[in-house]
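**Q** Residue strings, one per chain:
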Amino acid sequence: MSPETSAAAEHHHHPALAHHFDSLAEQNEAATLGMWVFLVTEVLFFGGALMAYSIYRSWYPGAFASASHHLDVTLGAVNTAVLIVSSLTMAMAVHAAQLGERGKLKAFLLITMVLGATFLVVKGFEYHEKYVEHHIPGLGLPFDYSAEPQFAATAQIFFSIYFVLTGLHALHMIVGLGIMTWMYIWAANGTIDKDYSSPIEISGLYWHFVDIVWIFLFPLLYLIGRHASGAH
Amino acid sequence: MSENHQHTHIVPLSVYYTIFAALLVGTALTVWVAYIDLGALNTVVALAIACTKATLVVLYFMHVKYASKLTWAVVSGSVFWLLILLALTFNDYLTRHLLTYG
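In the order they appear, the protein sequences are chains A and B.
For the first sequence, the numbering used here assigns the number 134 to the initial residue and increments by one for each residue that follows.
For the second sequence, the numbering used here assigns the number 408 to the initial residue and increments by one for each residue that follows.
You may find that some hints are simply not true.
As the list claims (entries may be wrong) - Restraint ranges, calculated between C-beta atoms of paired labels, are given here: (1) His360/A to Ala428/B: 22 to 28 Å; (2) Leu253/A to Tyr508/B: 44 to 50 Å; (3) Leu448/B to Asp326/A: 46 to 52 Å; (4) Thr462/B to Lys237/A: 23 to 29 Å.
Since the hints were made in silico from the structure, they are not lab data.
Since the model is a prediction, treat every value here as computed from it, not as a measurement.
Using N, Cα and C, we set each Cβ at its ideal position, and we do this for glycine too.
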């Protein structure tokens, strides 16, 4: 970062301030707005997928309740808690960034990444269980629903939607881990400082959004008709 | 935007801890209530809890409570367009059985 040489008398610009903004405050406002506009498209992206879920669930409520019982509520609930803790550590990373506490910022980013990776590992175990139970539709894999043959076809619709929704969510988690790695590097090399915390803030917006998606996916996929003891 | 105003509102950690606790309680509540037979209300309650949790995350973790009016408008816009998507599509699919053609 070269020091300002042209205008020694004036206050020198922060190296992160782009020339088309008057101040870091204005730049931060634009960055926040930009991330939110992106998140609007994400809301509608997941909204479309949830729309498909809603229609098929309204058509095949029995099959959805039956197939939902094959998901592991404990693992789903644990993963929900893992993401909520990661949202707290992300918020604390933003807090540390705003106060210019670099050590804490790096620590909280690292914890957030570890929690995100934990979520994906648990998800991996769940996917593997579906593979073992022959509950993965398509891909030429055997699909076995012989316990309730009346749902043999329609349960595949539930599991297709389950894999699309959780798969897209997991993809967002992986992208989030990439962003957090990037932010960790920026925190470590001093790009982020007390006056320029907005990259951490808008990365946090993305991370919290992915948490919100899971907040909806967990009850909608795992908890359908759990009170009915008849099906498993 | 006033120039002398601090460019970011720093949310106290106590607020984060409170929201965190509320989110964990909400998660426990949604699991607990799923095992109670409320009929058609099970889904309504599950969605109500999820919407409450999401609102807490948006307002506090995502700082929208402290954000500019423009950000408020964009965030509200996402909910508004999502509701259009859901309402118009349900308007078709959930009413088909009411009419017969031919």
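**Q** Look at each hint and say if it fits the structure.
**A** Cross-check of the supplied hints:
A C-beta distance of roughly 27 Å is found between His360/A and Ala428/B, which places it inside the suggested range of 22 to 28 Å. A C-beta distance of roughly 48 Å is found between Leu253/A and Tyr508/B, which places it inside the suggested range of 44 to 50 Å. Between Leu448/B and Asp326/A the CB atoms are about 51 Å apart, so this pair conforms to the stated range of 46 to 52 Å. Distance hint for Thr462/B and Lys237/A: a CB-CB separation of about 28 Å, consistent with the stated range 23 to 29 Å.
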